[in-house]
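K.L.:
Going line by line, the protein sequences match chains A and B.
Its first residue numbered 58, the first sequence is counted upward by one per residue in the working numbering.
Its first residue numbered 442, the second sequence is counted upward by one per residue in the working numbering.
Note that these hints are calculated values from the structure, not bench results.
The reader is advised that the hints may include incorrect statements.
[Claimed, not checked] Using C-beta positions, here's what the derived DEER-type ranges look like:
1. K661/B to A78/A: 22 to 32 Å
2. L471/B to Q239/A: 47 to 57 Å
3. D90/A to E468/B: 21 to 31 Å
[Stated by the list, open to error] Selected chain B positions facing chain A (Cβ under 10 Å, derived; list incomplete):
4. V494
5. E499
6. G604
[Stated by the list, open to error] Simulated crosslink set (PhoX-like; lysine-lysine; CA at most 25 Å straight-line):
7. K661/B to K107/A
8. K661/B to K124/A
9. K107/A to K227/A
Even for Gly, the Cβ is constructed at its ideal location relative to N, Cα and C.
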Amino acid sequence: MSLAARTETAFDHGAAIMACAGQDADALRELYDREAPSMIGVALRIVRRKDLAEEIVHDAFVQIWRKASQFDATLGSGRSWMYAIVRNRALSVIRDRSREDLVDDADLDGLVEQTDHDDLVSRLPDRDALRVCLERLEAPRRASVVLAYAGGLSHGEIAGKLGVPLGTVKAWIRRSLISLRQCMA
Amino acid sequence: MSDRDIDALAGEYVLGLTEPEESERIERALSTDHALAQAIAAWRERLSPLDEVADRVEPSAVLWERIRTGIGQRAVVARTPRKRVLSAMWHNLGFWRGSALAGALASFVLAMGLGAMLLRPGPAPVVVAILEAADSTPGAIVEAYADGSVLLRPLTDIDVPEGKILQVWTLWDRGVGPVPLGLLDAAHEARMNAQGQPVPQPRQLYEITLEPAGGSPTGKPTGPVLYKGLATQPL
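Okay, chain A solo, but in the shape it has when bound:
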């Protein structure tokens, strides 16, 4: 069971998103109050600058409002739909400008340390299916997946960080995805 499911069983993100489609700004505010801090955290892992992370969350909420009618509850949870918008926005920000630029522009104070991928996995609840299945992967393969998803690193950046050829990273990711899917089925 996920953390959110354990702590927030009562709140239905999907219903709030559908209320947003009906122009209910209070529903958006409710989503904001619940999720904005965590969304800034997700964006921050990728862009590593708080001002940019806030900008991303701003854009994400405007998009959530505008695209609310496109949300399809039969496909997945409202929560994961919202976070996909945040991650997509963060990824397009770092892909538009190279990461070097982002770091050069930043005040040193404003720059956040890159997240430690192993620490992130260890924060998952012990019996969380994703945690169990990630831990079955060899360490560098697990790192590749987590660095891509949480850190927003590209194949090339992962290869550089782990000191392995690009082709190796691509193969690791592809095989890890297949293993994860089978393990979590």
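Using the hints provided, position chain B relative to the given structure of chain A.
P.N.:
Structure of chain B alone, referenced to chain A:
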């Protein structure tokens, strides 16, 4: 493509590892390719626990206000009740406006108004500002209170063309930039909420701009500044 290929592609897309052209192709295909849409949603679901363990970082106080502006929602602009005699006189501006002596009288109104305002019972504003047009004609008074409420009292009718709206802003830090306080469809007294912002300071800027209906699309002023003024601390 086989199911397995679709699934791997969907996973790479969700990880953010597909090339830009491929991502665009996937996004275009989503509305018609239900299997692909399902595979992507399933990957988002599988990986979402990693979002849940992100550090929580409190947003800055103005973020919600900027989002609300971004979605074109009006701030609370309920007309405030007009209870007091001085206040009622204050609002009877037709008389003042009609006068040929309007220019000279404006200063008088201002003096009277400020006097009336400061004599009123109840909590005193932390700062007040007189917003003036470019030709120094006074257009509105702003009173900002310690509880975060901001009262705007127009001193004149303001022409709001079709499809436009008045937006009230404040600026206390150039680094933060102007922050929206609320939208008005016409010049009327309005109480706005600046909760979460720092306590208003002397020399803090207040201004009214003309924006597209729904408010500035960028979250920062885009239209002409109609009235502006710096806050002062009442004695």
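K.L.:
So, for every hint listed, does it hold in this structure?
P.N.:
Tested hints:
no.: 1; hint: K661/B to A78/A: 22 to 32 Å; in the structure: 27 Å, holds
no.: 2; hint: L471/B to Q239/A: 47 to 57 Å; in the structure: 25 Å, violated
no.: 3; hint: D90/A to E468/B: 21 to 31 Å; in the structure: 29 Å, holds
no.: 4; hint: V494; in the structure: 4 Å, holds
no.: 5; hint: E499; in the structure: 6 Å, holds
no.: 6; hint: G604; in the structure: 19 Å, violated
no.: 7; hint: K661/B to K107/A; in the structure: 19 Å, holds
no.: 8; hint: K661/B to K124/A; in the structure: 23 Å, holds
no.: 9; hint: K107/A to K227/A; in the structure: 30 Å, violated
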